[in-house]
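Take the given structure of chain S and dock chains W and Z to it, following the hints.
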Amino acid sequence: MSFTRRKVLGVAGAAALTAALPVGRARAQSNPVKIGMSMPQTGSLGAGGQAALVALRMWVDEVNVRGGLLGRRVEFIVYDDQTNPANVPGIYTKLLDVDKVDLLIAPYGTVPTAPIMPMVKERHKLLMGNFSFQVNAKVQHDMWFNNSPWNDASSWSDGFIKAGQKAGAKSIAVLAADQEFAQNLANGARVLAKKAGLKSVYDQNYPPTTTDFSSLIRAIRAAKPELVFFMSYPNDSVAIVRAVNEIGVGSQVQIIGGGMVGLQFTPIMSSLGSLMNGFTNYNSYVPGMKYPGIDDFLKRYAARAKEAKVDPLGFYLPPFNYAIGQMLEQAVNGTNSIEDAKLAQYLRTHEMRTIVGPIKYDKNGEWANPRVVQAQFRGVVDKDVEQFRNPGKQIVIYPEAYKTGEAVTPYDKARKAAAGKA
Amino acid sequence: MFSLDLLFEALIFGILLGGFYAAVSMGLSVSFGLLDVPNVAHPAVMVLGSYITYLVASLGLDPILSGIVLMPVFFFIGVLLYRFYYETFEKRGTEAGVRGLAFFFGVAFIIEIGLILVFGADQRSVSADYIGTSLELGDYRIPYRMLMAFTVAIVLSVALTVYLSKTFTGRAIKAVAQDEPALRLMGANPVRIKQWAFGIATAVSVVAGAMLIVVGPVDPSMDRVYIGRTFCVVVLAGLGSMTGTLVAGLILGVAESIVLMFLGASWAPAVAFGLLLLVLGIRPQGLFGR
Amino acid sequence: MKFWIGAAVFLVVAIGFALSPVNEYFFFAAYVILTAVVLATAWNILGGYAGYVNFGPPAFIGVGAYTAVVLFKAIGAPLVVQILAGAAMGALLGLGVGLLTLRLRGIFFAIATVAVVFIMETLAINWRYVGGATGLQLQRPEVMAPFTSYTRMLFAVMAIMAVVSVAVARYVQGSWIGRGLRALRDSEEAAEANGVPTLKLKLFACVVSGALLAAGGAPMPMYLSFIEPASTFNLAYTVSSLGGAIIGGMSHWGGPIIGALILSTLQQIITVTISGEVNVLIVGVLLVLFVVLAPEGVMGLFKRWLKPS
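Residue numbers (my numbering), protein chains in the order written: chain S, 1 to 422; chain W, 423 to 712; chain Z, 713 to 1021.
Looking at chain S on its own, in the form it has when it is part of the complex:
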């Protein structure tokens, strides 16, 4: 009796101990390659995150049809961080220690990504960035590769500031959310505005939970700026656009917009409609831009987006998220391994071909050749999603390579101006 019992206890104990032990890296070939991330699917960035997710899942399915990575199926594990940075460290710890993923992709957005930078550096993990802005500047992780068409602040604000100067603007107002993305951008933009000789007449931060901007817009109006630069996240961007339309910014404003995240999300574009007219804002892709393979991608994406009941157009994030997958695939195939250090080495030294064009990284893990466009909304009508499918509603004013027209100034005139050429 006691012998059997001891044996049972022994086996049970061994089993429990084995379960608690860290799993060894030598796995059978049939084990999947696990790629893990958290994606903001609700909260401020939610609308964008959901669209990005469709593109990533599409890549996972297509790569598995091609035989997976290194002959192993790719398993994709994703959680919702709700655009709340507090949720992210726990999620990534879970991904690494409970789900035991092999490769990490960052959440979409600077704010959810900032908290895990120290962690991935400490644990020597490669992190594929996802539309973050300068989030690695302080941590300086050497295995960080950001996927977004900008580099530093000048790659973003040059176009905006130049457009303002072309219209004769001499003064600038800056309103930035107190969060990682907006602060990074504002810090850079302030320096550049000063260098360009613009006088700062208004410069304020607001807490990211602000919902009523009428007082802030009123104050901006009183300062009489000619260039108004907003750095905001989707919830605030929407509120700012509404407040500007409600309160007005004054007839001297030439160019307004700049760094408003969210005005690229299809659901937000269709719900704001004509309120956006006259705003000049950044984007990563507008219809008409010639990227290799983009048209085919958009068609495949549209089919899946319809099923998922998500953004049907898929312009801003999805192509770039798909490109993350493509880059991982090229690096894995190029090094024949899934080891973080080897993949990082490959990504650092090669130029990769993706559906958003060739991508090469600089020593900070940002795009060596930025490609941010500034586009002005004109002639947008309410409650119409399809109007954005063809060029004409977002007139690209910068850079030269993708330009489709000039900005109409001042802002009051641009609000009523007709759309560009379709």
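Some hints could be false.
Ranges between beta-carbon positions, derived for each pair [as the list claims (entries may be wrong)]:
no., chain 1, residue 1, chain 2, residue 2, range
1, Z, Phe1014, W, Thr591, 46 to 52 angstroms
2, Z, Phe715, W, Arg705, 42 to 48 angstroms
3, S, Lys299, W, Leu426, 56 to 62 angstroms
4, W, Ile704, Z, Ala720, 47 to 53 angstroms
5, S, Arg348, W, Leu433, 57 to 63 angstroms
Derived by calculation from the structure, the hints in this document are not laboratory data.
C-beta: ideal position from N, C-alpha, C; glycine also.
For chains W and Z alone, coordinates are given in the frame of chain S:
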């Protein structure tokens, strides 16, 4: 950038905002001010009201009308809530102080998380003709949504004040707050009166919730900052005073508006809490307290 | 004596675990559970023993965490210094809150403590040095041997803190201070009439409770490698501290331990299996259930069960 114009516009905005804060605190003035129920769940119930208003308004009804239509439903919820509180805590005596507080705090959290689970962590807003447009008086712009909320607030305050002083049940409610044994001697049932009062307070809260979502987008965690605003107004007013609530609301609204203008948006949310601590420290019975 | 033997055994087991090859995530989750024990125990000194319902744990946790951040950023202070300094600041804040609310009771005291939370949060939001509303990324220093990871070391440190806070609570409960606090809780007027120094006792409870709460929050920036105001000053900490004490039982130092262990373990399991939200919902539901049905908490249920009817 300071100018007299800006100050004047901030003052106007502050008054409108203050009226709104007063309306939002009316329900608490009754439930906590008059009935001594430690109802920290009041703002959460109001946010719940905002979301239900959002649902009803999405069927095509005007948001404020939706709030009014929902009043009977919330009246009923209030009655049930008070009844439960009474049976479980109040009846057993004041030892239940800790437990009553913990109970309402727990309820507030359950409502908040429940809203997140059902609606997600996203913001919700409603649209109406008066949302997004403003009254243009020369160089000044006064948003119609604020005017709307202010008007509803005034109507609500007047209605509640008249009710409490002119009608029989209204006066009974005030009586039960002041002298319960005397009321009992007169043959009235204090529990039923308090229950009725709590129901009214909750019904008023749903209209407050409708105004909340008219004034701006709502998200489930908004109840937290409104704990500060509503309690600040009720305590500053002095427990049980309806006119006091209006005055206190205006004071808070103007204070927040001025701070917003001079110190910026990052200090404004603390104004209510700071004012609350000040009042509690210096004059806890408020301006018109009993 | 039995208590100290039990505490020693617990510490040996905890540190032994930290040095053994158990899955890393265990320590990530267990740290949170041990913190919950510290917070509930600390809360109970003021809330349970004295009867003053404190809705402000997040304010103290935040003070502890941000003190740690400032010291770490300014002079690279080691963890022990961060914790001690955090506790000192927590004691100071407790003193301040106590003095401010000297004559407030019941719901007024509770609402005042909520106000303190928001005001502290606003201060943090407006202080660029600690990152403002954006927050701060923090690179953890190399972990000291014999621990193999920083999280394991934090787990061991929190185990020690749990023992310390329970020992403090036990001492307070059994001493004349505890008797005085109980008299205060039962009837403040009667206690005063009997010569109990109620105001001094109340201040004492505020200071001790505040110091322990802040000490519990001090290692958090190192735990997450990140800090930002919204999640640090989150009212969810109020629900879990209150919940742990009420569910466990407020009159004995063992109550918060049991309550926090049950609650926090449940929360961790739910977070890993279902979602982050549902775990806060469970706390709220359990809090309401216990407050309504079993106000003496688990310890109260045990007592009733053990006593012959």
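Now for the hints, and whether the structure bears them out:
no., hint, result
1, Phe1014(Z) - Thr591(W): 46 to 52 angstroms, "47 angstroms, holds"
2, Phe715(Z) - Arg705(W): 42 to 48 angstroms, "47 angstroms, holds"
3, Lys299(S) - Leu426(W): 56 to 62 angstroms, "59 angstroms, holds"
4, Ile704(W) - Ala720(Z): 47 to 53 angstroms, "50 angstroms, holds"
5, Arg348(S) - Leu433(W): 57 to 63 angstroms, "59 angstroms, holds"
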